[in-house]
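Participant: Chain by chain, the residues:
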Amino acid sequence: MTDTLLRPVPPATLTHDERSALVDSVRRLLADRCTEGDVRRIIDSDSGHDRALWRALADLGIAGLTVPEAHGGAGLAATELELVMEEAGAVLLPAPLISGAIAAALVPDLDGLAAGERIAAVAFTGRHGWAPGDTVAVAGGRITGTARFVADAAIADTILIAGDDGVFAIEAADARITPLPVFDRTRRMADVAIDAPARQVADAAAVAPARDIGVVALAGEQAGGARRMLEMTVAYARERHQFGRAIGSFQAIKHMAADLLLESESATSAARDAAQQVAERSASADAAVALAAFACADAFVRVAKDGIQMHGGIAFTWDHPAHLYLRRARSGAQLFGDSDGWRDRYLTALEAQA
Amino acid sequence: MTDDELRAEVEGWLAEHWRGLPAHHESFGRDPRSEWLGKVRDAGWAVPRWPVDRWGRGLSNEQARIVERAFAAVGAPGAGQDRSNLWANTALAHAADGFREEIVPRLLAGEVGMCLLYSEPGAGSDLAAIRTRADKVPDEEGGGWRVTGQKVWTSGAAVADYGMLIARTDWDVPKHRGISFFFLPMKQPGVEVRPLRQITDEAHFNEVFITDAFVPDDHLLGPLNGGWGVLQTALAYERSVMGDAARGPRSGAGGPKGDHSLLGLAREAGRIDDPVVRQQVAQAIAWRTLNRLNTARAKAELAQGTSSPIMSLGKLAMSRILHEEARVRTLLLGAESLLQGPDHPRAEDANFLALNAYFTSIGGGTDQIQRNIIGERVLGLPREPEVDRALPFREVRAG
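As given, the protein sequences belong to chains A and B, one line each in that order.
With my numbering applied, the first sequence covers 88 to 441.
With my numbering applied, the second sequence covers 3 to 401.
Check the hints yourself; a few may be wrong.
As the list claims (entries may be wrong) - Label-pair ranges, simulated between beta-carbon atoms:
id : chain 1 : residue 1 : chain 2 : residue 2 : range
1  : A       : Gln338    : B       : Gly124    : 14 to 24 Å
2  : A       : Ala99     : B       : Ala392    : 51 to 61 Å
3  : B       : Gln306    : A       : Ala370    : 24 to 34 Å
4  : A       : Ala99     : B       : Glu338    : 52 to 62 Å
5  : A       : Thr435    : B       : Ala392    : 53 to 63 Å
6  : A       : Asp133    : B       : Ser127    : 54 to 64 Å
7  : A       : Phe403    : B       : Ser62     : 48 to 58 Å
8  : A       : Asp406    : B       : Arg379    : 25 to 35 Å
9  : B       : Arg9      : A       : Arg286    : 55 to 65 Å
10 : B       : Pro311    : A       : Arg128    : 31 to 41 Å
11 : B       : Ser62     : A       : Ala108    : 23 to 33 Å
Please keep in mind that the hints were generated in silico from the structure rather than gathered at the bench.
Beta carbons: idealized from backbone N, C-alpha and C, even for Gly.
Turn these sequences into a full structure, and let the hints steer you where they fit.
Facilitator: Written out as structure tokens, the structure is:
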């Protein structure tokens, strides 16, 4: 495995037209293969994973979007990943894209990752850990303990443990993986109990940049989810009539919608700016990533919450998709740490700049 | 002309003519920069997108930006007024031929002071409910219009030569359809300007009492009774400007400027390690940064030819930012915020900003009106039914 810091070719950013083409192709695939019905089917399944859909995404190059071309991927940058994640977030795509992007940042030549043949899950521990109760330790040539709330672990072939001592790879078959009864069934998580030889695959310096990629991907997913939830809510407010009027004509509803548009557009701006700064390795990338982390998480939660309120009773039913968005928003708001933590880190980053 | 030739021409012109400005200027009233602005106008740089026979150079948007960038690079004002000059754009679009030829070049050179005569004590958010009247003077008595009414929230009225006025010219049709748009000469008997003391104890605005004041026939802009349409283009300019910029602290004290001023104050006040304070400071800074990112994205999307819904959000966003920043400043100061006066500049700032935030959240359309606009024009939600929309204005209940 190569050192990520010696990556020979920098990730590419596309032209405006190429980006539009990429986004269009993803959107078309998802419109066809990730309808609300598909999402419900997938989340009702044991694994929460649709292998055929994952294969189709891999064929389009999405599984290895940020894997360097030399290792079979598309070699694209965080900016393109973020745009794809907006589309994925809009339709609640249940697929291990964020985990894959982090894994690609940690270990660019991870076997089978680019082709979608193998799935990687990543557990952050130590300084970049966010899940309580993690007990992973490296000593005497072995890695032992339990990593908690590891996204996609139950469907993974490889588990990467990314901590203060470096990045270690474990075959999923060598770990004891206990799926958790998660509230958001689109984002499966598991506890991973490990007792294995410590096989180091990357330096500890790779961890923070990889985590940033994960945050950018999640921020894009949240921005896309917020936008779709708002579109759905506004469309309903135009159609639903009470008191002989569309409910969207009432200022009580209209003003909420205007406020949510500000939230949703701000989330998009924050996610794209963070992606840009990460791609450019800008000096202020830390602040941009932290801002995107809490701005996008908070925006999605608020849009999903208020969106349900604006719909009224229909969105209180299981059969309406709104609750799926709120569940997704709530799980994203914990992944990689909560908004209060990110707000504090944002201020710390600004203090370092000032 | 190629981009390089244009760049060479404008840079050469600036090198030959630009020698800096007189020290101080006011944004309303006669502009001491007039001499310079006149040169810019005569060279066609003031409005490069306008046609060559209309004070411009007929340039594309991209080429006009080359001109604007060249001016910005040396700090010279006056270019790109085809995007920024509310008065000149309104007059160009709507003034009758003769008056347009007279007034537009003077507006471009800042030779005439201008003010806005829209709001009235009885017509704030419901601007179409104005009761200032303009009555036609019969042609056999010399023609023109006689105007009577009261206007409010007028900046620069005391030094203005003209006011952009909306007045009712037909009382027997619904309210939006009986309004006309005029350039009212301000320096005449019958126009009385009184300063209006604001909650900040400043007086940036005036009340204007108009009693039988005269407007020549050719000072009507747009069609008779078509003033509401003229007003909409003028208002859009004003609102977009308010989202981009707002006043900072009055005293200039209280730490470094910009995004980090709250951070500076938090340090000064010794509160930067308080986790509760950190959350609130970070969130306030975040909102300001997000607004900046939104504006930058909107501009980039417009440049790519994609229409952007974000532009209309800036003013609403800025209202929240200003109110919240003032609240956090007050939180940081604690009891010190009870004080005022020159010995307490940090308290002065916090208290001033807390009150002046309403300039943005009420002025130029309240946040509530702005939410209606976003809901209706951006999100396509239906209008609230209005009981007076179809009534002849004479029958509309007022007060």
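Participant: Decide, hint by hint, whether the structure agrees.
Facilitator: Here is how each hint holds up against the structure:
Range check, Gln338 of chain A to Gly124 of chain B: Cβ separation about 21 Å, and the 14 to 24 Å hint holds. Checked against the hint of 51 to 61 Å, the C-beta distance between Ala99 of chain A and Ala392 of chain B comes to roughly 59 Å, which is consistent with it. In this structure the hint that Gln306 of chain B and Ala370 of chain A lie 24 to 34 Å apart at CB holds, the actual value being about 27 Å. Checking the proposed 52 to 62 Å range against Ala99 of chain A and Glu338 of chain B shows it holds: the Cβ atoms sit about 54 Å from each other.
A hinted range of 53 to 63 Å holds for the C-beta pair Thr435 of chain A and Ala392 of chain B, which are about 59 Å apart. Distance hint check: the CB atoms of Asp133 of chain A and Ser127 of chain B are about 57 Å apart, consistent with the given range 54 to 64 Å. A beta carbon spacing of about 54 Å between Phe403 of chain A and Ser62 of chain B agrees with the range 48 to 58 Å that was offered as a hint. Take Asp406 of chain A and Arg379 of chain B: their Cβ atoms lie about 33 Å apart, and the range 25 to 35 Å holds.
Look at Arg9 of chain B against Arg286 of chain A: about 59 Å separates their beta carbons, and that is inside 55 to 65 Å. Distance hint check: the CB atoms of Pro311 of chain B and Arg128 of chain A are about 34 Å apart, consistent with the given range 31 to 41 Å. A hinted range of 23 to 33 Å for the beta carbons of Ser62 of chain B and Ala108 of chain A is consistent with their spacing of about 27 Å.
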